[in-house]
Amino acid sequence: MRGFFGRNAFPLAVFAVAIAFLGLFFLLPLLKVFGASILDASGKHFTLANYTSVLSNRFFLNGLINSLGIAAAAAVCTVLIGVPFAFCLARLPIGGKAALLALAALPLVLPSFVSAYALVLLFGRSGIVTGALQALGIPFESIYGPKGIIVVYTLTLYPYIVLPVTAAFKSIDVSVEEAAQNLGASRARMLRTVTLPLVLPSVLAGALLVFIEALENFGVPFVLAEDRPILSVEAYKLFVGETTDNPASAGVLGMLLIVCTVAALLFQRSVLARRNFATGARRSAPVLSVGPALGRLGATYCWLVVGAALVPFVAVVVISFMPFSGPVLRTGFSFGNFVQLFERSYRPLTNTLMLATLAACGAMLIGVPIGYVVTRHRSRLSALIDIVATSPFAVAGTVLGIGLVMAFSSGFLILTGTWLIMVFAYMVRKLPFSVRSASAILHQIDPSLEEASINLGVPPALTFLRITIPLMLGGIVGGFVLTFVTVASELSSTVVLYSGPWTTMTVAMFQALEGTSAGVAAAAATVLIICTILPVALVYRLLRRHELSML
Amino acid sequence: MTAITIEGVARTFGAVRAVDDVSIAVRDGEFFTLLGPSGCGKTTLLRMVAGFCELDTGRILFGDERIDTLPPHKRNTGMVFQNYAVFPNVTVGGNVAYGLRARKVRADEIRERVARALKLVQLDGFAERWPHQLSGGQLQRVAIARAIVIEPHVLLLDEPLSNLDAKLRVEMRGEIRQLQKLLGITVLYVTHDQEEALAISDRVAVMRAGRVEQIASPRDIYERPMTPFVASFVGTTNLLNGVIGAREGDAAEVVVAGTTLRLTGVHGNAGGKLTLSMRPEALRLLSPGEVAPARYVTLTGTLGEVEYLGPVTRFGVMLADGTVLHLMALMPPAASGQVTVAFDPQRVVALGAPA
Chain A
1280 MRGFFGRNAF PLAVFAVAIA FLGLFFLLPL LKVFGASILD ASGKHFTLAN
1330 YTSVLSNRFF LNGLINSLGI AAAAAVCTVL IGVPFAFCLA RLPIGGKAAL
1380 LALAALPLVL PSFVSAYALV LLFGRSGIVT GALQALGIPF ESIYGPKGII
1430 VVYTLTLYPY IVLPVTAAFK SIDVSVEEAA QNLGASRARM LRTVTLPLVL
1480 PSVLAGALLV FIEALENFGV PFVLAEDRPI LSVEAYKLFV GETTDNPASA
1530 GVLGMLLIVC TVAALLFQRS VLARRNFATG ARRSAPVLSV GPALGRLGAT
1580 YCWLVVGAAL VPFVAVVVIS FMPFSGPVLR TGFSFGNFVQ LFERSYRPLT
1630 NTLMLATLAA CGAMLIGVPI GYVVTRHRSR LSALIDIVAT SPFAVAGTVL
1680 GIGLVMAFSS GFLILTGTWL IMVFAYMVRK LPFSVRSASA ILHQIDPSLE
1730 EASINLGVPP ALTFLRITIP LMLGGIVGGF VLTFVTVASE LSSTVVLYSG
1780 PWTTMTVAMF QALEGTSAGV AAAAATVLII CTILPVALVY RLLRRHELSM
1830 L
Chain B
14 MTAITIEGVA RTFGAVRAVD DVSIAVRDGE FFTLLGPSGC GKTTLLRMVA
64 GFCELDTGRI LFGDERIDTL PPHKRNTGMV FQNYAVFPNV TVGGNVAYGL
114 RARKVRADEI RERVARALKL VQLDGFAERW PHQLSGGQLQ RVAIARAIVI
164 EPHVLLLDEP LSNLDAKLRV EMRGEIRQLQ KLLGITVLYV THDQEEALAI
214 SDRVAVMRAG RVEQIASPRD IYERPMTPFV ASFVGTTNLL NGVIGAREGD
264 AAEVVVAGTT LRLTGVHGNA GGKLTLSMRP EALRLLSPGE VAPARYVTLT
314 GTLGEVEYLG PVTRFGVMLA DGTVLHLMAL MPPAASGQVT VAFDPQRVVA
364 LGAPA
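Residue numbers (this note's numbering), protein chains in the order written: chain A, 1280 to 1830; chain B, 14 to 368.
For reference, chain A alone in the conformation it holds in the complex (with noise of 0.2 Å):
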């Protein structure tokens, strides 16, 4: 009796809520999402026509061809950048390592389709660099295409890679290392036969995170794909119906994001299982005494790199500040963008403001107390939670948008169109980080120092509170945070999801997009950069030993 209502009746009070949220808002749409894939028109028997129709359409296939080649290239190119990026910072004595960590990761929480819009306003066709180099007379190439996506996910995407890469190169220990040289390798084979395939599985599940990531993305095509066509974006054409509504072709598009996930999962997995190398340093390896040309040729590399990254951001706020008039980009200095902006509405930031809080605090709430259950209370069921939980991220937002619409419209509960359908889905999307990063304080923390509060008399609940939980503040604290600003930037899910008077920034920025007001686009984008930099900036300090648990 006491074991059920005493130590098992928290975890299982946990399960049931985690498995009641996620079996509604998760598992169901993504069964009706499967279901009008291999569902007739009727609804009501089973076909394959709407994969053999899709599958036979060369639209759809380069689709299918464009989204996993896009995703392969990012993949590769993020690892070009970020592995010398990452060696350059964990080994070759150069200064301002801290600040260079800080700002590679920073486009982890800054909106990618802003990146690529600072692209279309810097060299796209009426681009500001293309202009001046066109009146050169110097011949510009199109930036629109996969060309123009590849760039923007490189440059978004590589703290993937050089996050968890600098923490393995960190971890290798320096005994590894020493023993090569004594058996007579050189610095350089060294490196090659030892350093390098010890930090590999890192690079690989960084890899994994990038490729997931641009299969996902539904900002970045939309601005820089023009008419070829993307998975994720079109299914969200066909989904809303641009030209018809037809949610068959819609599912398959989103079982093919899905199957496509998983498959890399599976391939990464099996290329992980044969080499496991927890080394456990006890002492890093040391930063390499290299001569001063090749420290200051690493410094060159990092500041280049992290810069790239980040000019497009910084163009986007400063042009944001320059009248335009119509499409044209004038210079002079102007509040004018950010009037039209906000001239029908505010609507839209507090939108996106008490959004992105519900959100964050609801995936706190559930978050928090499964990575609790996850990593205190072993057992099948609690592994099983933990898959189910973390595999949102796997979910492109456009396929789980589509699908909670069709879960929700009609039926038991109906949801569509409000905001609440909205915070359920930004929940769902943002549970995997709120786990993972409070199972990561969790394991810093002893489970003795739980044991000897109850041992000194204070009951289980009560030590939760007095004990665990101000232990887990900082890491809660950052976790908040980083959900918050992930979910202002969010626009997959919410594109599908939103209505009217729900519209929230990045969905204000969509829709300058589409007409053609530049100036007010910018004026959204920089106030997207404020809303996610600003929060970031307040709690740096606590957010600097989580940065690795939002991967």
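None of these hints come from the bench; they were simulated from the model. Incorrect hints may have been included.
[As the list claims (entries may be wrong)] Here are some of the chain A residues that sit facing chain B, going by a computed Cβ distance under 8 Å:
hint, residue
1, GLU1505
2, MET1633
3, GLN1723
4, ALA1731
5, ILE1733
6, ASN1734
7, GLY1736
8, VAL1737
9, PRO1738
10, ILE1746
11, PRO1749
12, LEU1750
[Stated by the list, open to error] Computed from the model, here is a short list of chain A residues facing chain B with C-beta under 10 Å:
hint, residue
13, ALA1411
14, LEU1412
15, ASP1725
16, PRO1726
17, SER1727
18, LEU1728
19, GLU1729
20, GLU1730
21, SER1732
22, LEU1735
23, THR1742
24, ARG1745
Quick reminder that beta carbons are idealized off the backbone N, C-alpha and C, glycines included.
Assemble the complex: chain A is given as a structure, and chain B must be docked to it using the hints.
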């Protein structure tokens, strides 16, 4: 204070019987140690007494009161953890006061008792410090003060010294023993260090694979081990296989390494096999020309490896049948080549049939 009665306690994790039908009676005010290699179930047993591990079968009593059905926070035990588990977000004084606050003790009494407890562990004046300002040894003292200040029924210590360096370990174990005698408290102490167990305990239970092999005083554990495992785990020993010859009551002739000994305390029938334990320091190497004392038995062999250890010297002697005896003496051996080993048969322990 309180006696602890552990009756027929068992716990299985998956296919592993972590604790397998253990019964122990710890007397009131006794310093009782659970000793064994890692994975023998000693920590699981301690955690059962504290309430952090549930029992499959059996029961645990403090005095006459059954406590294994109580939740851990109602058992009034003071536990000292291997890694101290000092709350990092609370001052030293706050840590020591934590259990008293949970017991709703008056504020002025808390202040007085915290000061007294800190004085007992030689940390007076440390109440306002933060844990991160303290050394490992000081953190251990805070953990002990925090556990004794609540005046627990029993004090539970889980390898409390294993994170300290060797010198501090010896110092701290003396202090823990003194404190226990001063307070007259019942202590259940877990360690894998046999020297620590012998030095500090009233009685020791040697555990192996979830079972208790022997419960006895430190001296009996060392000098009168009852199983080959106890004999070899506690200190070092020579284990030799022998055959029982003619019996005469409790005494019997035993043939071992080609020599016949007359031993007492031999169990088993004539013709049966048994294992004998001979401690290295019970064996003496005779100097050339020296005659063995009366009653002593002698064996001859070849002197092998000699290890000079400072206070003592260890060396091996290979007997004619290939058995190697390990010896320990204060002085390095004067002889070489063919040597004679002499020993008092009364210091040989018969352990029953070999496994």
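Taking the hints in turn, this is what the structure says about them:
1. At a threshold of 8 Å, the smallest CB-CB gap from GLU1505/A to chain B is about 56 Å, leaving the interface hint violated.
2. Because the beta carbon of MET1633/A sits about 33 Å from the nearest beta carbon in chain B, more than 8 Å, this interface hint is broken.
3. Taken as an interface hint, GLN1723/A does not check out: its beta carbon lies about 11 Å from the nearest beta carbon of chain B, beyond 8 Å.
4. For the restraint placing ALA1731/A at the interface with chain B, the shortest Cβ-Cβ distance is roughly 4 Å, inside the 8 Å limit, so the hint holds.
5. Because the smallest distance between the Cβ of ILE1733/A and any Cβ of chain B comes to about 5 Å, under 8 Å, the interface hint for this residue holds.
6. The beta carbon of ASN1734/A comes within 4 Å of a beta carbon in chain B, closer than 8 Å, and the hint placing it at the interface holds.
7. The interface hint given for GLY1736/A is met, as the beta carbon of that residue sits about 4 Å from the closest beta carbon of chain B, less than 8 Å.
8. Because the closest C-beta pair between VAL1737/A and chain B is about 5 Å apart, less than 8 Å, the hint holds.
9. Restraint check, PRO1738/A versus chain B: the minimum CB separation of about 5 Å is within 8 Å; hint holds.
10. Interface restraint check: ILE1746/A against chain B, minimum CB-CB distance 6 Å, threshold 8 Å, status holds.
11. The beta carbon of PRO1749/A comes within 5 Å of a beta carbon in chain B, closer than 8 Å, and the hint placing it at the interface holds.
12. With its C-beta approaching chain B no nearer than about 6 Å, LEU1750/A sits inside the 8 Å limit, and its interface hint holds.
13. Annotation: interface hint on ALA1411/A violated; nearest CB of chain B at approximately 57 Å, more than 10 Å.
14. Interface restraint check for LEU1412/A: the shortest CB-CB distance to chain B comes to about 58 Å, outside 10 Å, so the restraint is violated.
15. Among the interface hints, the one on ASP1725/A holds; its C-beta lies about 6 Å from the nearest C-beta in chain B, closer than the 10 Å criterion.
16. With a least beta-carbon distance of about 9 Å to chain B, the hint placing PRO1726/A at the interface is held under the 10 Å criterion.
17. Taken as an interface hint, SER1727/A checks out: its beta carbon lies about 4 Å from the nearest beta carbon of chain B, inside 10 Å.
18. Using the Cβ-Cβ criterion of 10 Å, the hint placing LEU1728/A at the interface with chain B is satisfied: the shortest such distance is roughly 5 Å.
19. Hint status for GLU1729/A: holds, given a least beta-carbon distance of 9 Å to chain B, under 10 Å.
20. Residue-level restraint check for GLU1730/A holds (minimum Cβ-Cβ distance to chain B is 6 Å; threshold 10 Å).
21. Of the supplied interface hints, the one on SER1732/A holds, with its beta-carbon coming within about 7 Å of a beta-carbon of chain B, less than 10 Å.
22. For LEU1735/A, the interface hint holds, since its Cβ comes within 10 Å of a Cβ in chain B; the closest pair sits about 3 Å apart.
23. Because the closest C-beta pair between THR1742/A and chain B is about 8 Å apart, less than 10 Å, the hint holds.
24. Checking ARG1745/A against chain B by beta carbon gives a least distance of about 9 Å; that is within 10 Å, so the hint holds.
Hints 1, 2, 3, 13, 14, counting from the list given before, are not met by this structure.
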